[in-house]
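Heads up: the sequence lines are chains A and B, in that order. In the numbering used here, each number is its position in the first sequence, counted from 1, plus 4. In the numbering used here, each number is its position in the second sequence, counted from 1, plus 11.
Misleading hints may appear alongside valid ones.
[To be verified] In silico EDC-like pairs for lysine to aspartate or glutamate, Cα to Cα no more than 16 Å straight-line:
#	chain 1	residue 1	chain 2	residue 2
1	A	K41	B	E113
2	A	K46	B	D84
3	A	K72	A	D88
4	A	K41	A	D63
5	A	K75	A	D21
6	A	K41	A	E87
[To be verified] Away from chain A, derived, C-beta distances all over 12 Å, residues of chain B:
#	residue
7	L24
8	S29
9	Q114
It is worth saying that the hints were derived from the structure and are not from the lab. All figures in this text were calculated on a predicted structure; none of them were measured in a lab. The beta-carbon is built from N, C-alpha and C at its ideal position, and this holds for glycine as well.
If you want the building blocks of each chain, they are given just below.
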Amino acid sequence: GENVEQHPSTLSVQEGDSAVIKCTYSDSASNYFPWYKQELGKRPQLIIDIRSNVGEKKDQRIAVTLNKTAKHFSLHITETQPEDSAVYFCAASIETSYDKVIFGPGTSLSVIP
Amino acid sequence: NAGVTQTPKFQVLKTGQSMTLQCAQDMNHEYMSWYRQDPGMGLRLIHYSVGAGITDQGEVPNGYNVSRSTTEDFPLRLLSAAPSQTSVYFCASRGFRGGRNEQFFGPGTRLTVL
Chain A
5 GENVEQHPST
15 LSVQEGDSAV
25 IKCTYSDSAS
35 NYFPWYKQEL
45 GKRPQLIIDI
55 RSNVGEKKDQ
65 RIAVTLNKTA
75 KHFSLHITET
85 QPEDSAVYFC
95 AASIETSYDK
105 VIFGPGTSLS
115 VIP
Chain B
12 NAGVTQTPKF
22 QVLKTGQSMT
32 LQCAQDMNHE
42 YMSWYRQDPG
52 MGLRLIHYSV
62 GAGITDQGEV
72 PNGYNVSRST
82 TEDFPLRLLS
92 AAPSQTSVYF
102 CASRGFRGGR
112 NEQFFGPGTR
122 LTVL
């Protein structure tokens with residue numbers, strides 16, 4: 005089955021700097037890669053996703069890149085703000101309605117004002 | 012729409028007790044799932060369902076049972092609780108919104124097994 009690894013497990017950056025979180029997946033059939041943000045005490049929420057037919061996707065200060073050959077994808081947050089502090093999870097699945105979504109172990113991001 | 016709801020929010024059990032965590036969604040999603048969240052281990056899939064009457068195992072199914080008699084409800088049963096099942100449990104349903112294949116999570120149930 006699918007296995008998703010994520011690094012680093014913790015990340016501290018100064019406000020305004022960039023943050024990068026990297027994930028790898030094992031199942032070459034996976035073609036859908038969402039990223040979730042979980043603030044303290046709250047439920048995870050989708051922030052951005054990418055499908056295997058594109059290499060990069062951007063939404064304001066966040067972007068995701070995908071390297072299908074190497075089976076890894078990354079989340080990039082630019083101009084970080086204190087409200088970006090949260091746990092971020094990457095995930096992988098085969099995008100049909102009937103495939104399970106497997107998550108990485110998470111990255112705890114702290115943005116220092 | 013209420014989205015995904017879970018009850019209870021908190022629960023304390025003694026070892027060996029049984030209980031059912033309730034989950035309901037009002038978005039008419041076929042796909043529903045249960046995850047447990049433990050520190051440093053992310054969200055691990057317990058069981059999932061692709062529609063009423065159909066369920067399958069995830070990554071960590073042992074000690075848990077599920078059934079799906081309706082599209083709306085997907086309860087998770089602990090048959091004989093163990094301290095290793097102390098965790099936060101999230102139910103989720105999945106469907107397309109705005110071009111995204113989005114998984115919507117419930118608010119979670121914090122379970123402690125003594």
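Against the structure, the hints come out as follows:
no.	hint	verdict
1	A:K41 x B:E113	13 Å, holds
2	A:K46 x B:D84	22 Å, violated
3	A:K72 x A:D88	27 Å, violated
4	A:K41 x A:D63	14 Å, holds
5	A:K75 x A:D21	27 Å, violated
6	A:K41 x A:E87	11 Å, holds
7	L24	22 Å, holds
8	S29	26 Å, holds
9	Q114	6 Å, violated
Of the numbered hints stated above, those contradicted by the structure are hints 2, 3, 5 and 9, listed in ascending order.
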